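J.: Line by line, the protein sequences give chains A and B.
Going by this note's numbering, the first residue of the first sequence is number 1, and it counts up by one from there.
Going by this note's numbering, the first residue of the second sequence is number 1001, and it counts up by one from there.
Any given hint could be a false lead.
To be verified - One side of the interface only, derived from the structure: several residues of chain B facing chain A at Cβ under 7 Å:
hint, residue
1, LEU1046
2, LEU1133
3, LEU1167
4, VAL1178
5, GLY1179
6, GLY1422
Since the hints were derived computationally from the structure, they do not count as laboratory data.
What you are looking at is a predicted structure, and each value in this text was computed from that prediction instead of being measured.
Ideal placement from N, C-alpha and C gives every residue a C-beta, glycine not left out.
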Amino acid sequence: MSTSPLHGLLSREPAVVTAGAPLFADALRAQAVPVTDVEWRPPLEGTADAVARVLADPRRVEANALALERITSAGAELVRLAPASEALDLKPGEFLHSGPPLTWERASGPMRGALIGAMLFEGLAETEEEAVEKLAGPDITLAPCHSRGAVGPMAGVISPSMWVFELRDPVHGTVSHCSLNEGLGKVLRYGAYSEEVLVRLRWMRDVLGPVLGEAVERHGPIDIKAYLAQMLQMGDEGHNRNRSATLMFLRDLLPHIVTQVGERSAEDIAEVCRFVGANDHFALNLVMPACKLAMAAAKGIEGSSVVVTMARNGTDFGIQLAGTGDEWFTAPANTPQGLFLGSYGPEDANPDIGDSAITETAGMGGFVMATAPAIVRLVGGDVDFALTTTRTMYEITLGEHPTLQVPILEFRGAPIAIDAVAVARTGVLPQINTGMAGRVAGVGQVGAGLVTPPEDVFVQALQALAERVPAGGGAA
Amino acid sequence: MTDSVEIRRGVYYDSVTLMQVSQRVRTAPGVSDALIGMGTELNLGLMRENGFEVPAEAGPNDLVVALRAADDEALAGAGAALEAVLQELLERSRATGGTTEVAPRTISSAARRSGAGLALISTPGTHAVADALDAISSGMSVVLFSDNISVADEIRLKDAAAARDVLVMGPDCGTAVVGGAALGFANVVRPGRVGLVAASGTGAQQVMCLLDLAGEGVSHVLGLGGRDLSAEVGGRSARQALRALAADEATEHVVIVSKPAAPEVVESLEQLAAELGVPVSWATLGRGRADLTAAVEDVLAALGTPVPTWPSWPAEGGGGGAPSGGSLRGLFCGGTLADEAMLVAEPVLGPITSNIPLAGSPRVSGTDQLTGHAVLDFGDDELTQGRAHPMIDPALRLERIREQGADPGCGVLLLDLVLGHGSHPDPSGELADAIRDARTAAAGRGVELPVVVALVGTESDPQGLTACAQTLAAAGASVHTSNAEAVRVALSHLGTPAEPTPSQTGRTDR
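Based on the sequences and whatever the hints tell you, model everything.
T.: The structure is reproduced here in structure tokens:
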């Protein structure tokens, strides 16, 4: 027995945390005892029993500590670019999509639009009608990007001929992939599939992918995790603002792009530079797989309540926990609130879509909104709103990221490792910054805004985690 | 419809702000469309798609304002709306922001911020287990005030706590004093050498107040919750508390305050105390055992401290004439004090009806009409469902006190009043009013109703012992700092022998 049992409770000056009746906190303050009040609220409906069971799981604290360690120590290097057929072994007729598993019947407008576009792009259909007919048939296979360790923004459709970034975590050996960003407006990921969209996709396949692939080959592995840390110092949050990382990426690759002149036409090379440099979102597709690697490092830790995936397919919002393997917990996706392009309005917006919420899952995006005050007006918010949002996210996360730092919060680490138990207990939902796709197939982007997951995914996930608590380990 | 397209050079707003501005201007009266954006390819394309004639010279560094309205007047309105929104943005950027601090939502979050070693949890019972587990896994000891927690959960909490070398005081722990900090219901007593381990909240308060009145102080009062010394829970917290107090430099003597405990638990704790070399006294209520006052007197003897005359205040105006022939009616806030009252009165009066009866005595609901000798505990779960403990919210008990005045069966009214932190800030005034009303009602039926109050408190309590005692005495109550003494005084007011023993329907010992 230590000479000072109970961590020295009886020999040190008392300091107390109170939860519940404010009268007891008042009584302590009247005695000049330092008191920290908890702003307590009942947990999400239907989670009380599961929360108690999971909190009583003797594995939980250590499992979550391990998850946090793995997430924060994970690295992310861009090692190559390749067609998805090669990098992901994607066969003709196989398509990956964002979010939890989905069927054509349940697919939303933008998801259908993107799949139609991919069918046309792959030459599996000549017309929209033919694409729709085949997509509804038995010969086309749909699978979530996440099921292959990949991520895709918005509809997230990846088809065999599309080029993908390949990132590798040198610490844990995990690999992740993401498509190349097409820019804004009428683009496949927002469900547009007009000829303009297909022309761009072909150019990306024939020019952009190969040129960038060759440049990465010449450069050698690029440390994307370092971009993440720098972005936050430059006013980007990595989800809706990726301006700085886009330019850093271009800066790093430029020498290796321009030296391809001769092997490629000067026009092609110039267009590659123009395209990447003019697309402020280009680096989103690097941030996402980097975040995916961090979260993949925590997958499959028994007893851990850390959320490792948040993703939406335009119909459902799905999450996965570190402690529940590949199981998805899904509920109908919410529709983002925000601002609209042109004369589009709320009635034009599709429910939440995309794997890009992997950025929030890994402590970027909405979680570090404080670092990117320029985007807070997406919700008619102000700088205080951004600061408050980030500070609130610390209430549902296990720790602070050692290298992803928020300068305006005195370089405090980003809130990292969402704890599903904390979400259920506080009712605080993860804040997600997102783009908005048009509800109708073919429309494209209509706006951008903020969204939260539906509460029910956390209710289900906790119940499933509670069921996995070993017998006798949890409170009744 | 009237269109207007204006180019403003030398101004810059980011696209998100401008989307917001557009949205606001679009809501102005008579405005059908407003596209306000920097002259990027995308924005100009959108404007053209919407039928605006955009001048060719508009470039990405120009602010382009495209408005469409019903007529010129509405168009002017749209322009004014735009200016208003831009002005608002300007003002907002100049305004000093409010606080962006966020209150902690969980105990672990609060612990991370404050480094506190102790959590006081009074959240609803269904959620308190989770909150306690959260505190335990954050390395904090817990005072668990919440009740309605199962024995199985209590055992799991206490095992989890022991594994992390923290202490769970509770569930249903109303009283603790740690390092001088009163937690829950606790009196302001002098610091001293006696450590209390208490499976009884008001019992601990009685003991600490009597020690204080005798000039002895307490080092710490570690609550256990009422079930800790049962066979099922097996003294899990008591063992930890004993070890901690044995290691504590300030503590020279430990008093374990409880209701009857499982014999094997008592034995194991005595063994442990012997191993630890710390002297232990028991203030354990039960039939044939010493009352709390007597137990305190034994502790004082062991410490070599003289036993004082326990302070009391006589009722002003005599307070009770000839015995009326009625019964004892005890209306208590403190469950242990109610128990003690029954234990002291039973040998004289025979079985006493109660909502917390002694083994073999008849049980009534706390809301039933009382007949014969009866003692009610208003702190019992049944009477605190959906309301605060009577030490905080005395309304229910005050009502019953008034009622007793009119009841011919009531021969003496025995009450308690517990002072200290957590209790009602001015409890004596309201209680005195109720006593006065009861005595007036009794006078109406030709009886002078004696009222006896056990007043548990110290002069240092926020409410002040003497001030409270005087208020009650002025209302016609005799006031005693020893509960056992108060009971005996009440018994002295009953001239008639005990009533026949009713049928034995009581629940088992508690």
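J.: Hint by hint, say whether it matches the structure.
T.: Hints, one by one, checked against the model:
1. For B/LEU1046, the interface hint holds, since its Cβ comes within 7 Å of a Cβ in chain A; the closest pair sits about 4 Å apart.
2. Interface hint at B/LEU1133: satisfied, since its Cβ lies 4 Å from the closest Cβ of chain A, which is below the 7 Å cut-off.
3. About 5 Å separates the beta-carbon of B/LEU1167 from the nearest beta-carbon of chain A, less than 7 Å, and the hint is met.
4. Against a cut-off of 7 Å between C-beta atoms, the interface hint on B/VAL1178 holds, since the closest Cβ of chain A lies about 5 Å away.
5. Annotation: B/GLY1179 was flagged as interfacial toward chain A, and the flag holds, the nearest CB pair being 4 Å apart, inside 7 Å.
6. Checking B/GLY1422 against chain A: minimum C-beta separation of about 5 Å stays under 7 Å; hint holds.
Checked against the numbered hints listed earlier, the structure breaks none of them; every hint is satisfied.
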